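Participant: Here are the chains, one letter per residue:
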Amino acid sequence: MVSAVRHPGIAMPGGRPASSPIITVRDLSKTYTFHRQAPGLRGAIRGAIRRQTESRLAVDALTFDIAPGEVVGLLGPNGAGKTTTLKMLTGLLDPTDGEVRVLGYRPFERKTDYLRRIDLVMGQKTMLWWDVPALESFYLHKEMYGLSDALFRESLDELAALLEVEDLLQVPVRKLSLGERMKMELLAALLHRPEVVFLDEPTIGLDVVAKDRVRAFLAGINLQRGTTILVTSHDMDDIEALCSRVMIVNHGRMAYDGGLADLVQRIQPRKRVRATFAAPVTIAPDAALVADGLVRVLDPDEADSGGNVLALEVEREALGDLLSTLPRLGPLVDLAVADADVEEIIRDLFIGTAAAESAIAGSPAVGEGRQ
Amino acid sequence: MTLGEVFRVIRRLVVGGIAGSLAYPVDFVFYMLGTIIGPIIAALVWRAAIAAGADLPVDAQYITTYFVLLSLVSMLSSAWLSMFMADTIRDGRLNVWLARPGSFLYEMAANNIAEKAVKLVILVPMIAIFAWFMRDSLTLGVAPWRWGALLVSTLMAALIFFWIDVAMGSLGFWLEDISGLEWGRSLLTRLITGQMIPLVLFPAWMQGFLHVQPFRYTVSFPLEIVVSNLSAQEVVTGLGVQALWTALFVIGGLSLWRRGLRSYAAVGA
Amino acid sequence: MDANQIQTSPLDPTTWAAVRRHARLWRAFVAISLVREVQFRANALATLLVGVAQLVVSLVPILLIFSFTGAVHGWSQADVLVVAGFQQAIVGLLAAFIIPNMNRISEYVERGDLDVLLIRPVNAHVLVATRWVRPAELFSVLSGFGLIAIGLIHRGTMPSAIGIVQALVLFAAGFVLLASAWSVVATCAFWTSSMSAGTMVFGDLMEPGRYPVAFFPRAIQVFLVAVVPWAFASTFPAEALTHGLAGWRWSVAPLAIAFAVVAVAGSHAFWNRAIRRYSSASS
Chain A
70 MVSAVRHPGI
80 AMPGGRPASS
90 PIITVRDLSK
100 TYTFHRQAPG
110 LRGAIRGAIR
120 RQTESRLAVD
130 ALTFDIAPGE
140 VVGLLGPNGA
150 GKTTTLKMLT
160 GLLDPTDGEV
170 RVLGYRPFER
180 KTDYLRRIDL
190 VMGQKTMLWW
200 DVPALESFYL
210 HKEMYGLSDA
220 LFRESLDELA
230 ALLEVEDLLQ
240 VPVRKLSLGE
250 RMKMELLAAL
260 LHRPEVVFLD
270 EPTIGLDVVA
280 KDRVRAFLAG
290 INLQRGTTIL
300 VTSHDMDDIE
310 ALCSRVMIVN
320 HGRMAYDGGL
330 ADLVQRIQPR
340 KRVRATFAAP
350 VTIAPDAALV
360 ADGLVRVLDP
370 DEADSGGNVL
380 ALEVEREALG
390 DLLSTLPRLG
400 PLVDLAVADA
410 DVEEIIRDLF
420 IGTAAAESAI
430 AGSPAVGEGR
440 Q
Chain B
1158 MTLGEVFRVI
1168 RRLVVGGIAG
1178 SLAYPVDFVF
1188 YMLGTIIGPI
1198 IAALVWRAAI
1208 AAGADLPVDA
1218 QYITTYFVLL
1228 SLVSMLSSAW
1238 LSMFMADTIR
1248 DGRLNVWLAR
1258 PGSFLYEMAA
1268 NNIAEKAVKL
1278 VILVPMIAIF
1288 AWFMRDSLTL
1298 GVAPWRWGAL
1308 LVSTLMAALI
1318 FFWIDVAMGS
1328 LGFWLEDISG
1338 LEWGRSLLTR
1348 LITGQMIPLV
1358 LFPAWMQGFL
1368 HVQPFRYTVS
1378 FPLEIVVSNL
1388 SAQEVVTGLG
1398 VQALWTALFV
1408 IGGLSLWRRG
1418 LRSYAAVGA
Chain C
1105 MDANQIQTSP
1115 LDPTTWAAVR
1125 RHARLWRAFV
1135 AISLVREVQF
1145 RANALATLLV
1155 GVAQLVVSLV
1165 PILLIFSFTG
1175 AVHGWSQADV
1185 LVVAGFQQAI
1195 VGLLAAFIIP
1205 NMNRISEYVE
1215 RGDLDVLLIR
1225 PVNAHVLVAT
1235 RWVRPAELFS
1245 VLSGFGLIAI
1255 GLIHRGTMPS
1265 AIGIVQALVL
1275 FAAGFVLLAS
1285 AWSVVATCAF
1295 WTSSMSAGTM
1305 VFGDLMEPGR
1315 YPVAFFPRAI
1325 QVFLVAVVPW
1335 AFASTFPAEA
1345 LTHGLAGWRW
1355 SVAPLAIAFA
1365 VVAVAGSHAF
1375 WNRAIRRYSS
1385 ASS
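Residue numbers (the numbering used here), protein chains in the order written: chain A, 70 to 440; chain B, 1158 to 1426; chain C, 1105 to 1387.
Looking at chain A on its own, in the form it has when it is part of the complex (with noise of 0.2 Å):
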């Protein structure tokens, strides 16, 4: 269900970029290397001696290129590698392998006029000074990124007024709500007009106003600007109100790599059907649709429907069967149906069900392809 207020950014065709890229990504991986150790003293004496060494796969040789002003979401379970991704276009992490540029540099050589003209903002750590104003951290900024007075004044104008924060720039951060918070560490990270903004998670733990305020506010700035948004969130709408184009990645490779909207319509086989009888109803377990696989019965919300509510979960081309075969069952006072949830969809694809794999993976007819 899309509950989210849908910001316009840049629509771009999906994966596909229409000027030269400005973030190019060949078979960049990332593999850990650890060593470890049991705990206490033993472990200690042990390790010295003879160290374990593990290593694990975090990126497994994603390739994709970003255009100028796309605003790109990247989606996937924990672990699955998003922000080691992130920290590899940022050049907080050093690539194992493959070939990574934004901007035409290299990010992790580093280079001052790299890192001038990108920013990142991660949802659970703040770059702000806690016991001060958010304006003195502001003026930080200025001189960390070299801005000119006039410059940085007309800057903090502009975000102020956009974020709807004039008022609260005198106030000690600490006495910030949440969401006024990341209001300054948006601010923050625009100041300096970086062309490429990097974001983790920035809307956790904000109230749902305070989300929507953020996203209008990056919707806004990718439009005025042309900044190229990337945005891992495992806030859906948080991509649905921004993304045009989403990478998803699981285990490290990307799964996915195209517009929402063709995710969404690949990978929606199943409908929600939601059958309201006038008497408590069963529906068998080895019912014909049920035992196939095409039909699967879910928990109905409301706890006092007494069995009279029956919920589930169809394959599009049970669909016809299935209502067909309700009415059999008992007296039916309601029906509905609808689209099923993209939340679930995408954790089935994270649980890698074959059906959401596939489907991914573009097989050809339904019915076909199914393990």
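Heads up, some of the hints might be wrong.
[To be verified] Covered by chain A, per the in silico footprint, the following chain C stretches (three or more residues, Cβ under 8 Å):
#1 1114–1122
#2 1137–1151
#3 1156–1165
[What the hints assert, rightly or not] Here are some, though not all, of the chain B residues that point toward chain C, as calculated from beta-carbon distances under 8 Å:
#4 Ile1175
#5 Gly1177
#6 Tyr1181
#7 Val1183
#8 Tyr1188
#9 Leu1190
#10 Ala1206
#11 Asp1212
#12 Leu1213
#13 Ala1217
#14 Ala1300
#15 Trp1340
#16 Leu1344
#17 Arg1347
#18 Leu1358
#19 Phe1359
To be clear, the hints were calculated from the coordinates, so they are not data collected in a lab. Here the structure is a predicted model, which means the values were calculated and not measured. Glycine included, every Cβ here is placed at the ideal spot set by N, Cα and C.
Keeping the supplied structure of chain A fixed, place chains B and C upon it in accordance with the hints.
Facilitator: Same frame as chain A, now just chains B and C:
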């Protein structure tokens, strides 16, 4: 709880505490190194003074032996729970502790004993090295009974410091912030416990006061038993006085703690 | 002004421009620390009182020693007060500008807060080592200079002009040397999680600076020249003001400068090594 039960509870907590401390061996090595640096510097500086012909009331043997043994006695008698206790009271986390079977104080005592066990193992080799470098003016060959008396005295000193800490921490029931008081106390006690300078080196007009004040009986007196030429009579008398001070601080600390608990529970915090 | 203009011209066209930009940044750190300190006025006062009390307590051994003798290895009480004054002043400077940052490095590494700093177009070592400033600690610098003055007055001698110059040079070099030593110790946090205890121990090594290195045996003297260079930071500057640096000791000041340059380069190289490790391994 019977005495036997108390003993078992504490023993269990101590074993757990030791296992926990062993997870941070390097940290403890650093801590112990820190406690030994001060005495090393002091020993060297005072020895330089003696070498330059300073007319001290004691000789180089006294100085050297004193400072070599100082960190050991100081560590074994130390307590560190007052700030933690005050913070726990202020945060309201004390409720969590009070809900547990063992008393808060048992856990503090167990933690104290456990960490000291680990620290001892780490500190002794360091002191041995220190002693070896100073071996030319070290006198450890005193009568064995003195070492026994040192042990007893150090135990009582540990009780004194523990219950002073309990008393200070209990002030947290009534005061917002005890860090100022704590800091003042530590500064004062550094001087008059003998942790910084052997009390005998202070000016003559201070000796009377220094000799009777209770903090002498925390670090200085245990060391004096082995290092100075106190007679057996004087040692026994001293131990008696120390026992009196110990009882005073135990009773004082305990009653302050109980008083605080009552007021804490009354408020329904 | 065209927003695009600022992006294409280099941020630091010359090395001097980079130095200037970092200096302005440091000034901004001082400004922000003053804003903080004004809010916590009580803390500043407390720091001041604590400093005074600690100074008095630290002087007790010196006063006691010299109640028993007039001079130790050629140093009188007044001379030693001058040494202690330099130690006090340098520790005050370190406590104001360097030490608060050193103590935080192990925190940064453990919590992963380094990312927010490494992303900046600023020399990371400078940024990490200087961002926190505690102006209240500068009172110790004043009291240190006061102690030096008291020592010199007690002595009844005036330092020569050359002596003053040498003392200032050594003071500055000594500060740089000790700051580098602190940096090296704190940077070890990238390899071990126990460095918060380690930096505490290193703080204890600020103590020997109160005394002339002549008070210590040979081995310790070497330590105080090469590892924790109190010889350059407090003993030699004090000598410059009291006895004067005669003979071969004339070379001490230029030597200190050279040593300081090497120390900064070394600590910076070590830092870069640590960051390389961080950027290849952290998750």
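Participant: With reference to the structure, classify each hint as holding or not holding.
Facilitator: Hints, verified against the model:
1. Given a C-beta distance limit of less than 8 Å, the hint that chain A covers the stretch 1114–1122 of chain C holds, as 4 residues qualify and 3 suffice.
2. Requiring three or more residues with a Cβ within less than 8 Å of a Cβ of chain A, the coverage given for the stretch 1137–1151 of chain C holds, as 4 such residues are present.
3. For a cut-off of 8 Å, the count of residues in the stretch 1156–1165 of chain C with a CB near a CB of chain A stands at 0, and the three-residue condition is violated.
4. Taking 8 Å as the C-beta contact cut-off toward chain C, the hint placing Ile1175(B) at the interface is violated, the least distance being around 18 Å.
5. Nearest Cβ of chain C to the Cβ of Gly1177(B): about 15 Å, over the 8 Å cut. The hint is violated.
6. With a least beta-carbon distance of about 7 Å to chain C, the hint placing Tyr1181(B) at the interface is held under the 8 Å criterion.
7. Restraint check, Val1183(B) versus chain C: the minimum CB separation of about 4 Å is within 8 Å; hint holds.
8. Interface hint status for Tyr1188(B): upheld, as the beta-carbon distance to the closest one in chain C is roughly 6 Å, under 8 Å.
9. Proximity of Leu1190(B) to chain C holds as hinted, the smallest CB-CB distance being about 5 Å (cut-off 8 Å).
10. Residue-level restraint check for Ala1206(B) holds (minimum Cβ-Cβ distance to chain C is 5 Å; threshold 8 Å).
11. At its closest, the beta carbon of Asp1212(B) sits 6 Å from a beta carbon of chain C; the interface hint therefore holds under the 8 Å criterion.
12. Using the Cβ-Cβ criterion of 8 Å, the hint placing Leu1213(B) at the interface with chain C is satisfied: the shortest such distance is roughly 5 Å.
13. Because the beta carbon of Ala1217(B) sits about 13 Å from the nearest beta carbon in chain C, more than 8 Å, this interface hint is broken.
14. At about 30 Å, the closest approach between the beta carbon of Ala1300(B) and any beta carbon in chain C exceeds 8 Å, and the interface hint on this residue is violated.
15. With 8 Å as the threshold, the beta carbon of Trp1340(B) comes within range of chain C, its nearest partner Cβ sitting at about 7 Å, so the hint holds.
16. About 6 Å separates the beta-carbon of Leu1344(B) from the nearest beta-carbon of chain C, less than 8 Å, and the hint is met.
17. Against a cut-off of 8 Å between C-beta atoms, the interface hint on Arg1347(B) holds, since the closest Cβ of chain C lies about 7 Å away.
18. Interface hint status for Leu1358(B): upheld, as the beta-carbon distance to the closest one in chain C is roughly 6 Å, under 8 Å.
19. At about 7 Å, the closest approach between the beta carbon of Phe1359(B) and any beta carbon in chain C falls short of 8 Å, and the interface hint on this residue holds.
Violated hints, listed in ascending order, are 3, 4, 5, 13 and 14; each of the other numbered hints is respected by the structure.
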